Amino acid sequence: MMFAPAPFLLKDVSVSQVMIQVCVALIPGIAAYASLVGPAILVQLVIATFAALLAEAVMLKIRGKSLALFLSDGSAVVTAWLIALTFPPLAPWWLVVTGTVFAIVVAKHLYGGLGQNPFNPAMVAFAVCIVAFPALMSQWPSVGLQLRLIDQMNIILGWAPRVDALSGATPLDAMKTALKLGDSTFDVSTLLANQDIYGNFAGRGWEWVAGGYLLGGLWLWHRKLITWHVPVAFIAAMATLSGALWLYNPAQFASPLFHLLSGGAMLGAFFIATDPVSGCTTPRGKLIFGAGAGLLAYIIRVFGGYPDGVAFAVLLMNLCAPLIDLLTQPPIFGMKDKA
Amino acid sequence: MLMNLFKCKGGVKPPTNKTQSITLPIATAPIPSRLVVPLHQSIGGTPRPIVQAGDQVLKGQLIGEADGWISAAVHAPTSGTVVEVAMHVQPHPSGLDAMCVVIAPDGRDEWIAHQPFDYANAAPEAVREYLQQSGVVGLGGAVFPTHGKLTPSKTVPMEELVINGAECEPFITCDDLLMRERAEEVVRGIGIFRDLLQPKKVLIGIEDNKPEAAAAMRAAVGALGEPFSVVVVPTLYPAGGAKQLIRVLTGKEVPAAKRSTDLGVQCFNVATAYTAWRAIAHGEPVVSRLVTVTGNVHAPRNYEVLIGTPMDELLQLATPHPDTDGIIMGGPMMGFLVPDRQVPVIKATNCLIAHDDRLFPPKPPEMPCIRCGSCAQACPHELQPFEMYWFSRAKNFGKTQEYHIFDCIECGCCSFVCPSRIPLVQYFRFAKSEIWAREREKNAADGAKARFEFKQLREEREKAEKAEKLAKAAAAQAAKKAAEAAAAAAAGEPVAEGAAAAEPVAAEASPVPVAVDPEKAAKMATIQAAMERAKAQREASQPKNTEALKSSQQKEIDEIEARRQAAHLTEAAPPAATGEKTE
Amino acid sequence: MEIVLAIAIMALGAVVLGAALGFASIKFKVEGDPLIEKIEAILPQTQCGQCGYPGCKPYAEAIANGDEINKCPPGGTEGVQRLADLLGREVKPLNAEEKPKQIAIIDEQTCIGCTLCIQACPVDAIVGAAKQMHTIVAPLCTGCELCLPPCPVECIRMEPIAENIDNWKWKYPVVEIKAAPLKEAA
Ligand code: SF4
Ligand code: SF4
Ligand code: SF4
Ligand code: SF4
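Chains as they are written, first to last, in this note's numbering: chain A, 134 to 472; chain B, 8 to 590; chain C, 1266 to 1451.
FYI, nobody ran anything at the bench for these hints, they're computed from the structure. On a predicted model such as this, the values are computed, not experimentally measured, just so you know. A couple of the hints might just be wrong.
Below, simulated DSBU-like cross-link-like pairs (lysine-lysine); rule was C-alpha separation at most 30 Å, straight line [said to hold, decoys possible]: (1) K406(B) - K1366(C); (2) K402(B) - K469(A); (3) K1434(C) - K406(B); (4) K144(A) - K156(B); (5) K144(A) - K14(B); (6) K1396(C) - K406(B); (7) K462(B) - K1434(C); (8) K402(B) - K1396(C); (9) K156(B) - K1336(C); (10) K449(B) - K1396(C); (11) K469(A) - K20(B); (12) K1336(C) - K265(B); (13) K1434(C) - K479(B); (14) K402(B) - K1336(C); (15) K1357(C) - K1336(C); (16) K1434(C) - K449(B); (17) K406(B) - K1303(C); (18) K462(B) - K469(A).
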């Protein structure tokens, strides 16, 4: 007689469906990004995806796991896309590949593969690369520089000199430089007031990218793939801290809107800090996790050595996640205090 | 009427699949060729068989006597001849055997003399005992003896009596049909429970996908002038779990460690109320129940089925499709595939679902947990299934208990939503039964240790006592000797008398070994003789003259055999008790 | 200068944390059971003497004094495992074969009531009086087999405890996803 345990009905969900929906949710942001910096980002996405799948396949083979089952789960693709979206769009191809392979091999499979990694693989890759190749990781294309695809390809593939086209900086880079210089004649507010270069809120076009991520994130929330806790806590924490400092000294500190709509804030709030594997799982834990990541990201941006702090903030919170979970176990049915 | 409903966390909405089996009214299943009635059909003690092979029984005749207070009697479902009282495979996921009374029906379906029980003039204890004698148990699936739930808490006043007509599991419709067709008797049964428990309110919860049932119940409540409220609750699995329904209707949450009466609330299934009324008003013990036969069959329908009917025969009535490859007893969320198609319908059988791969596709392979938290959101008991899963999988049972594994009601919501298709409930069942087994072993070991230590203590004491006795005797002897020597000395016969004085001592001393030896020899001889006798007896008694036994001898042998069986089975008592605690 | 400052901060941090840890270990020290009791709690209390000691407690004492942990057949491999976990020793294979759990049954027809088995039973699992039939109280019997040799008429036998519905256990779900055959990968 056969044996199959109850329940006999299963909801039509699977890990690959979850991952595909995450990818779908990234599309609005990617579209805005591509229109901002040109099709190069699409090339990077393709490169990262292939590198991730290849690395995943090799690791699965080595670990004796089912390729058919795990290669199609889509988790490697999500990691690859996050890497492509956080690296500079004109980064050389080998940098993206190195980052992706490092994420899949070290940050994911050496920790036990799908579901076992204590750190977000994409963020590990970002952190490692920015430490190892600080120059390359901060070469952003000048805004308004509209290169043709073929020129962009040449840069990515290393067939064209990297220098001239890449002298630009993201608004965050510019802000960091300004803060570092401590030059009173060149303070943040004047810098940001130069709307011609940096757009209205967060640099020309960047707010559209952030808006795209926000849209995708809301859709994920609507699909119940993420809960509201992490993004809300992340955004609220960042907005509160940046708002307080901005009110205190608007000349030196940028507005909350600027912070939320620039760099990896939105991507981080909806797609990176919500990664369930490396994040918290209890509702209160998620709030703490999100808030912690938001605060740390802001602190690293403004006071730390790197232009954007989302990656380090998320990694630091990953470190605390198990402890936070342990301390925030929700009361179970019938054991709530009737206050 | 409008009522404030409370929200229940978690829950899922699987496709209900109920419409197939409600098109036809309840039918009575024909008497099958053979009835196999398991004795253990409810939580608690296993009833003792009081019939034996060859006995004629009538419908409703007692065949198994309740053993202990938490236990319910078992009756012959129809008239006929007892073929055997023997071990048969059970409708239980283990596929193991248990004691059953097998009856060959005579087709006359002749009732015992039965009459209504005058419960209006009976003491509550008498009513409870009568229900126990009638084999009334919870028919929602938990089969807890009903009389055991009809005692109000001494300290907490009874506030609400919740009647469960929610029937949240997909496919099952037997309660729906029961309420539609026999609402009046259900309501009268509820009246009995109300009289025994004296609650302030009676709430009948019915899911909103059963409007006809709710209407029928309202009509019956109105016609009988009872102050019961029929409350329609949203359709959500597992709203029909007792604890969930209590929560939705009263806002009270009953934790695993407490009884619901401690919170002033009690819950019964509608079918239980119906059988209680049949027992009281007609003197009919529970010998049949409604069973939904559905799934991969031509004509899904509800049947009134005699307990003990082989499932295969019942399924044939609904003409299963040929690709049916198994029978699920219970619903698709909490039921199980029966180990054998011939297993009998029991009191817990509310539904049979013909299984095939089209209705229930084979499970996709399991993936690692991605900690997505879906299971925690779906869990009606607000547990963290993925944490419990993690520790069950690692066999770290202490940790699973820290995450409240015993509050899990095994509803299956978590497995249902898991994108990694992890059989979470299966892990929890595994962990729970391991924990129980360990607890049993631990208790047994503790008991053994205590008895061992006690025995050692006793032996010490006996040794000490013996030594003391010997010492006393020696002392007495020495005193005697001294006294005699003194006497002799006083008599002034030093030499010759000295030898004479020594003699009695020797004489006194010598009998001891001499006396011991014959004693030992005699003992040996008796043992020898006994061994001879025993050997002869063994040879003589065992294989011979077993053919032409008188019924009285047979009975004696059976009794001894039963006792031996019991000796094997007594191991079972503690686990049953633990099982019940967590129910 | 900066380097010195950094080193100084790190050193200070190390000192503070170290002090806190040291304080915590003194402050929150738990008085555990003595080791022997912990060991004894793992031993099955069958009191059979198969370990070469006259009962579980003496063996527990011996283990605490360094004896091997694999000498208790009733405890089985699992027992060895748990002892190894407790003591941080290596798991060794049991030095005897593992038997299923069993209990003794007295053939009541043959029993002559000699009381010898009662004296032998370490856990008082046998009831009966002199010259009366004896019987074994099944739930109390630990299956140690000590009552077998003394019986002059050999009326005691051991029977494995059968699995029944009440002691049946759910099995560990079969999960491991095996490596797919290579062609699937291609
Ligand atoms: S639903 Fe499944 S994958 Fe998600 S957390 Fe629960 S067990 Fe893990
Ligand atoms: S089976 Fe247990 S853990 Fe899973 S949802 Fe139901 S109560 Fe929660
Ligand atoms: S072998 Fe095991 S059960 Fe037997 S006495 Fe030794 S420790 Fe106890
Ligand atoms: S009855 Fe026999 S086998 Fe059982 S515990 Fe006593 S001596 Fe050991």
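The hints, checked one at a time:
no.	hint	result
1	K406(B) - K1366(C)	27 Å, holds
2	K402(B) - K469(A)	28 Å, holds
3	K1434(C) - K406(B)	19 Å, holds
4	K144(A) - K156(B)	36 Å, violated
5	K144(A) - K14(B)	22 Å, holds
6	K1396(C) - K406(B)	52 Å, violated
7	K462(B) - K1434(C)	33 Å, violated
8	K402(B) - K1396(C)	50 Å, violated
9	K156(B) - K1336(C)	49 Å, violated
10	K449(B) - K1396(C)	35 Å, violated
11	K469(A) - K20(B)	26 Å, holds
12	K1336(C) - K265(B)	43 Å, violated
13	K1434(C) - K479(B)	58 Å, violated
14	K402(B) - K1336(C)	24 Å, holds
15	K1357(C) - K1336(C)	10 Å, holds
16	K1434(C) - K449(B)	16 Å, holds
17	K406(B) - K1303(C)	19 Å, holds
18	K462(B) - K469(A)	48 Å, violated
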